[in-house]
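The primary structure of each chain is shown beneath.
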Amino acid sequence: MSKPKVAFYWCAACGGCEESVVDLAEDILGVIGAVDIVMWPVAMDFKRKDIEAMEDGSITATLLNGAIRTSEQEEMARLLRKKSQVMIAYGACAQSGGIPAFANQFAREQIMKYVYEDSPTTVNPEKTRPQTHFEENGRSVELPEFRNVVRSLDQVVDVDYYIPGCAPSPKVLKAALEALLSGKLPPKGTVLSPDTATCQDCSRLESKPQDLSVKEYRRVHQLKLDPEKCFLAQGVACMGPGTRGGCEAACPKGNMPCTGCYGPTSKVIDHGAKLMSSLTSILEAKEEAAIDTALKGIPDPIGTFYRYGMSKCLLRRKVNL
Amino acid sequence: MSHHDHEQKNGTHGAEEVRIGVYVCHCGSNIASMVDVEAVAKFAKDLPGVVLSRDYKYMCSDPGQELIAQDIKEHKLNRIVVAACSPLLHEHTFRNATKRAGLNPYFMHMVSIREHASWVHTDRAACTIKAKEILHGAIARVALHKALEKAKVDVNPAVLVVGGGIAGIHSALTLANAGKKVYLVERDATIGGHMARFDKTFPTMDCAACILTPKMSAVRSHPNITLWTWSEVVKVDGYVGNFKVKVKRNPRYINEDLCVGCMECIKACVFKEPKFTDEFNQGLSKRKPVYIPFPQAVPPVVVVDPATCLKLKTGKCKQTCVEACGERKAFDFEQKEKFEEIQVGTVIVSTGFKTVDPHKLPLYGYGIHPEVYTALEIERLINASGPTGGHLVTKKHEEPKSVAIIHCVGSRDEHTNKWCSRVCCMYSLKLAHMIKAHTKAQVYNFYIDMRAAGKGYEEFYNRVLEEGVNFVRGRVAEVTDWAMTPEEEGRLVLRVEDTLAGFVRRIPADMVILATGLEPQPDAQDVRRMFNMSCSTEGFFLERHPKLAPVNTPTDGIFLAGACQGPKDIPDTVAQAGAAAAEALALIDKGHVEIEPNTAFVVEEECSGCKTCISMCPYTAITRDEVKKKAVINPAMCKGCGTCVAACPSGSIRQNLFEDVQVLTEIEEVLVRES
Amino acid sequence: MRYSYFPGCSLKGTGKAYEESLLPVLKALDIEVHELEDWNCCGATAYMAVDESAALKLSARNLAIAEKAKDEVLAPCSACYLVLRKTQKYIQEYPKVGGEVRQALQNAGLEYSGNVEVKHPLDILVNKVGLDAIKKRVKKPLTGLKVATYYGCQIVRPYSAFDNQARPVAMDKLMEALGATVVHYPLKTRCCGGSLTGTISDVGLRLVYILLKEARKNGADIITTLCPLCQFNLDAFQDQIKSRYDDVTTPVVYFTQLMGLAFGIPESELGLKRNIVPAEPALAGKV
Amino acid sequence: MNHNDSKPQAPWEPRILAIFCNWCTYTAADLAGVSRMQYAHNVRIVRVMCSGRVDPQFVLDAFARGADGVLIGGCHPGDCHYIEGNYKALRRSEMLKRMLSDMGIEDKRYRLEWISAAEGDKVQRVINEMTADVKALGPLNLPGRFKDWDKEIAELEHALNGKGGECCSHAKEVSR
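If you read the sequences in order, they're chains Y, P, L and B. Residue 70 in our numbering sits at position 70 of the first sequence, with consecutive numbering throughout. Residue 101 in our numbering sits at position 101 of the second sequence, with consecutive numbering throughout. Residue 180 in our numbering sits at position 180 of the third sequence, with consecutive numbering throughout. Residue 47 in our numbering sits at position 47 of the fourth sequence, with consecutive numbering throughout.
Possibly wrong hints are sitting among the right ones.
As the list claims (entries may be wrong) - Calculated lysine-lysine pairs in the DSS-like style (CA-CA distance at most 30 Å, straight line): (1) LYS173/L x LYS273/L; (2) LYS188/Y x LYS630/P; (3) LYS396/P x LYS273/L; (4) LYS108/B x LYS318/Y; (5) LYS147/B x LYS318/Y; (6) LYS395/P x LYS213/L; (7) LYS630/P x LYS286/Y.
It should be emphasised that the hints constitute simulated quantities derived from the structure, not laboratory data. Bear in mind that the values here come from a model prediction, so they are computed numbers and not experimental data.
When you get a sec, could you build the whole thing from the sequences and use the hints?
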């Protein structure tokens, strides 16, 4: 019998997720040995028509990374969904929009205008804009539509599982693939990473006082970071307490606070709101002015609390665009 | 809503089919006049899970409650929604009705369509729609309710009374006489507090000692009372019914059980003459390093002052005291401070007050002119067992020809304390009366307002007026020794605007008495923290409710008695001490406390042990299990505010009756527009 | 130590003796003072009573200049001391006043941020230099000289904080440090008559009389004060008082003059000759 | 059940969600009722034990579910029945306000008020003020906006496989 078919695909993302597959190092050989990879943009040259040619459901699993920003990405997502038994949102962008979803704070026109006219490095006196359809002496070119909203994968197609992270750690990926290949699959919709917050894996946790109250938040460049002490105890906003584990506190190990790329735990419906709630609750200040001062160190709340999850914010997008 | 929540929702009622009964109350015409109750009931019928929906004239009436009970049995209802008046009014009524019918009371949810709808609107159509929407929220919510039990916590019958003034003494005795175990902890070497220093008590003028000392010795001899003087509470853990208290017992250098209070050692002390400040007599007399605060002290046991005792200071002393003690061997210079751990169910805090330090008001010349006294000093001077054997004389041992009493020293004063100390007017009258009785002196009272509000107080004021005591209405500007006339020479002069006569007067006096006000104890804030109470802006302990819970504190099982809660005279103090004892007794005799189940709990497998919640809880109900490295909430200490739930960054804390999914569902459904 | 010295009008006029004795005493204690450049009226009494806002602005101008100089201000005259401190307080505590004053200063190209302290020499000497340092400097202790210390009203009330308002003691301690005997004097802070001596002399002179009489009664050889107006009132009308009431003649000198004498600074350099009631007899043999 | 499906109600009336603490503001609302103080009928009150229980998620969810305004009520500072729950509410609220305006929701649509059990009149005043403010701002109608935003994917799906309507979790979500 033939080996299970696996597809990787790359939508609105930096490419790190594609690379992260390679982070499996020698384990990659195990994977390659165990499966037929039918698509892997970063490594192999398969074409869309190859996929279209396949029967529906003939791909065992697709691991799709990146957010859905263009019509083309959306089409590919739908196509792969049709051809796959299991659709996995791979990485923060596919799971919840990721960095690209910051664009949800701007209207399409704002973005276009900046990119093709206003950005300092752009020289475009005719103010030419890309067209979705272009014809010249009988031949026509189609460009994908640039959407108004950046979406997570599950806002476009039905998703079976999520592998979180920016990018997912090899350990998480390996565990997911093993589950997949062994057929021992958790209930649909599960995020394939531990459902407890990162603090649990963080070596700094014990240095966090029981009765922590933060005088004021400060940004990482404003102080010399203690390499052992809990970041919150140093007055640095760390998303660890509200962010799903699985990375083994990689960033804190590198003396940087957690920024929340593994997304919320299963009982949280809005990552940013929850993070904000806990980080502000532990302040010391008791009246408006003092509280505002204490929060000066978080100048961009959206960028801080929704760094990887704008698409999954209950408001989804800046509402008045 | 995200798929996670779908899980949760299904999780909450799982297999069992939800069968909701809905009851819309007319409340006579209170609701029905502004809400189309029939329409609302009809609307509810079609909502998911609803098997029965009625409107009824008076749901809270017996037949109304009976209706619910019957329906539960007949129609196998497992959820009840009542739309009527405010749940704050009748929630318990309908919970009980539900319970009587054998259904867990927390499957009943109540919403107000009276206070929040029919009574505040005039547009019947709009009001009816609002009622429907409120009800919709309740119906969706109740489906997610869970069976809950009130936790019962046994109440340890032992009581801790902190402070051995008249308040502590009275509540301790009341409890002990009721057969309860009492620990009475007093910081001083003797109990009795301020009252033991007084000579007489207003307005009846019975002698303080005569009424207090019997109670003091009763405390000592009572089999149910463990008395620890020279001791302080240093740590309090636990919660109502189960407090764990640590008491520090300072070394007295005397074995209390062996000392019989014969005072031979005091006579024998190497210091032939007393030469150290006698605190009990307000420094108006001297004592020796080994002393007994006052003759009727309880316990009648001497105490050695390490600061002045040669043996303890230098190690070199003939120790004639030990010789005098002889066979009794009560002395123990090796004594160290020791700690006692006790378990009690309730605590009565009666730590008393301090009087204002008149040095704060130099214009009255206290500490500058020797003939300026505090009222408490005069209490000692005029007291038969005091330093002058009860003779009121100046430092030159002359009887004063004129005595001035200045009211409101450190009371009703922007510069010191704004509040009225409540007792000064009356004790000033008392002193005036006694000075009249003891001497031929002219007595002047300088007052702002006379406050004689109490049983027999105004009458006492009149009596003192008739005795010829002078009353000058005006705030004294200064007490000076600057004599303008020969008559003033060598005496003190009070400069005051007589606001009734309307001019400034100079009134000479040989003794000036400052009626110093009452203040919180200097360490009130520490005590407050230790017992998890709060303080008013003045710094006195705050009662739970000024009228309806005057001896309760925000912390269950901890009660207040006496002036630590605010300035109080003896009658009020004793009354409050009795009330506090009764509150404690009520808890003890019930045997257990029931704790509302709307408490928070940690879902262990979801908790990352991040500690965020711990600092959220003002009741220290949340601790960290250092083995599992997870947070744990003690349901008995949790008061159910839910602050930790909202703060938990991973959503691992839930609050019974207010789970995220329950509140969110209610929010979502009340926002669905009905037509 | 370094200070901006704000003499005010008195120390250049009726109170010249105060300046003449203050400066050498400070010098003797190595306290550097620089007269505030282009200072103006402190805004005292009459002006303050007639037009408070204008007075405050006038006063604040001095503070603004002092702030530039970056030294604390030394204001020996009680009135100056009081008004400058009052101005500071008002600017700080009443935003409206503060705004107006700052605006006025701006128009004059000045600014005042509130970072300048106004100090009285007595405060500096007792609390900063310290009595021990002063004792060390004493060459001719004033042994046997019975002194009544008279503070007047403005130095302690209402804006001063360095001494007990009802019963100041700083000058008493200072005099004892100089070897003098301080007599009991309950009228330390009682009114000197102020401008009443000039306007309603019946009242003014009676107040002065009371002060002198009490000093005499308590056996004072001499009264010492720290306020130019007090010194003037107590010193200037003693012959009138003698004729109106009785003979309570007592010399009245500045505390700095007594310090100077104790430090061994020649009498001639301490402005003693300016006294109307000569102090020399009282001092004779004691210094 | 989504109100956008229900026939348009004219004139439009704002929908305000209020979350009141049990001890002060909810009691104050009862007092307003007992004192028969008339106020705008646009508010739906949800009871929690303490303003400290109010999770910012509740506020965002309320907006996402069609609230045009959200009002939180708690005890005055220092008067919290649970000692300091209301301070936590205030801290969250300060940041929430910034986040909401960053997300394009007008300030007047969210309000935190301290209303003691004795201030029935304040309940009346605040609710009337807020209703007027929100009326002036017009509908927020996020469910409607979500639907509009999702048109672009609905269209594509239609083009791709001739099926109209709801394909993805969010489309479903919108139509709950």
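To see whether the hints hold, each was checked on the structure:
Between LYS173/L and LYS273/L, the direct Cα distance comes to roughly 26 Å. Compliance with the 30 Å bound is thereby established for this hinted pair. Among the hinted pairs, LYS188/Y with LYS630/P is consistent with the structure: their alpha-carbon atoms are about 28 Å apart, no more than 30 Å. Under the criterion of a C-alpha separation no larger than 30 Å, the hint pairing LYS396/P with LYS273/L is inconsistent with the structure, at around 47 Å. Taking the CA atoms of LYS108/B and LYS318/Y, the gap is near 17 Å; set against the 30 Å cutoff, the hint holds.
Note on LYS147/B and LYS318/Y: the hinted pairing holds, with a Cα-Cα distance of about 15 Å set against a maximum of 30 Å. A C-alpha spacing of about 28 Å is found between LYS395/P and LYS213/L, which places the hinted pair at or below 30 Å, so the restraint holds. Under the criterion of a C-alpha separation no larger than 30 Å, the hint pairing LYS630/P with LYS286/Y is consistent with the structure, at around 28 Å.
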